[in-house]
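Let's have the full structure, built from the sequences with the hints guiding it.
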Amino acid sequence: MTTPATPLVAPHADLPTGERPAPRPRRRRRPMRALRKLPLYSVVAVLLISVLYPLVWLVLGSFKTQDEFLNSPTWALPEDFTNLENFDAAWGSVSQYLLNSTLAVFPALLVMLVIGTAAGFALEIMVWKGRGTVLLVFLIGIMVPWQMILLPLFTVYFQAGLTQSLWPLIITYTATGLPLTVFLMATYFRAIPREVFEAATLDGASMLRSLVSIAFPMMKNAIFTIALVQFFFMWNDLLIALTFTTRDELRTVQAGLLNFTGEFGVVQYGPTFAAICINVLVILAIYLFLNQRVMRGMAAGAVKG
Amino acid sequence: MATVVYDGATRLYPGADRPAVDALDLTIEDGEFLVLVGPSGCGKSTSLRMLAGLEDVDGGAIRIGDVDVTDVAPKDRDIAMVFQNYALYPHMTVGDNMGFALKIAGIGKEERATRVREAARILDLEPYLDRKPKALSGGQRQRVAMGRAIVRSPQVFLMDEPLSNLDAKLRVQTRTEIASLQRRLGVTTVYVTHDQVEAMTMGDRVAVLKDGVLQQVGAPRELYDRPVNAFVAGFIGSPAMNLIELPTVDGGVRFGDTTLAVERSALAQAVDRRVLVGVRPEDLELAEQGLPVSVDVVEELGADGFVYGHTEIGGDRHEVVVRVDGRQVPARGSVVHVRPQAGHTHLFSTADGHRLA
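If you read the sequences in order, they're chains R and E. Residues 0 to 304, numbered by numbering that gives the first Met the number 0, are exactly what the first sequence covers, in order. Residues 0 to 356, numbered by numbering that gives the first Met the number 0, are exactly what the second sequence covers, in order.
Check each hint, because a few of them may be wrong.
[What the hints assert, rightly or not] Straight-line distance between alpha carbons at most 27 Å, and here's what the computed BS3-like set of lysine-lysine pairs gives:
id	chain 1	residue 1	chain 2	residue 2
1	R	K219	E	K108
2	R	K128	E	K74
3	R	K219	E	K102
4	E	K209	R	K219
5	R	K219	E	K133
6	E	K133	E	K108
Hint data in this document are derived by calculation from the structure and do not stem from the laboratory.
What follows is the structure, encoded as structure tokens:
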């Protein structure tokens, strides 16, 4: 057996000192460094598992039949990963719930953002007597526990004849979201130099034009951020939806999932899991779409741009 | 283009006990470059914003041309303003920024583009028309702000410290550019600054304000040579004029071991036989006799040198600055004697600071 000849001279010894490649970092320390970071990795792993495991279990469950749920161990994998019957069964009701959620949440979101931005503009940019008091009133709105006012609200909606529609949800979502939106928008507007709007005034822009052509585009990222935060609140709401939806056809996704049972009140686990999966996927898709803008919006208020 | 008249214009902020601008009377001629200058809080920016319509006028009137604009909305005043922080619209390109006012005025797309391009050509901004403001340097942003003003061909330009965000070198360069651009366009311009060097170099006339009250308005040379009061004397000029309170004697003022001859009429107005004597650093010369000055610091600037020292008169310490030949500067710690050159002394009242002679 031949061994490779050991070089007698160190490699690159003939090169001037300046041209020699830098010595490789010593590898002996690596295990130590990894060991030091072990607690950190462990914490991250525990967190990841606790977040991901229910989701994985949920997705796996959505492929199982009712028989598998009842007769196989809880941890068993589904027998057939191509079994989409649960999704098919769930879609019948969930599509209606999704439509209801969309019809309730998006108009509310739009109205809330338009009014919130306009109010923030009026409270921070325009000069008028009593604006400090009005901002305070909005702030008080944040402190009111809205769970307390649901029953009186129900009476009002009932007397107004609105309970057989999605209007109670749209109105309540808009109203409960406004205080925080106005407060955040006012804060974001405060970071914009007032001169920008004065320049617009001198350029001939009316207040409405300043709001539409200057304020809205400049606040785009802030609006997206608030939109996302409020969207999750509205989409995931259960209490308001449960209180104001009187019929199954009006149920939103969350209220619908709570009552997602088959005939005779038997819980159909497979379709329920599939329905939850659909809901999660919708939210995830919207979040991924808006994520970049949200990150920019978060930083927008931090420093003067 | 038009004249601008402040006719007793007053601004009193709610809750304030004295007006920010107090009965300002000022006429700016057609095509003139007038600089409003003064220390912080003197009301110069408020005066400009009153003219722009961004501040209410609580008393008096403001006229542009023959029109009383006191209660006219800012957009109907036919003015354009350049702000200290430029106030560009960050979401619009340079071209859109400059054309925004024209767009609102309902001017067609083609004419708008032509006028924006023309303004951009004047200001060397043509390569940047499609960029957003954040992709421009400070100097370029400043030019865009200028462009936004000139593209509208307004009757009056208003500029609120437009150079204060630039570095020293760019400031000097832009100063000249703005002044020559204004001469070329011939538009009446009101320019606010706290920098008296800008005021002296740019304006046809300079108006000095203090505590909301107009102190003096005149050509830069007039302000420098014949300040109407001690405040203007001390504010205009760098280094500032030496202002020393001295006792009067028969026929003049005691200046160290010499006597400065002063008109009797001026001496007659002296309060408690004391006057405020003002001498610019370049008007003091080293002499055998005169006011003894202990040299604290010497600034050598090449051709010239500035001696910063102090003198004591009646137990009071007074700071004194003297300009000397840069090649023959006195040593620090030494005592020199100075006296004013003949005919270059200013005399002010010790009571209210007004000019006596």
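Legend entry - Hints that the structure is at odds with (numbers, increasing): 4
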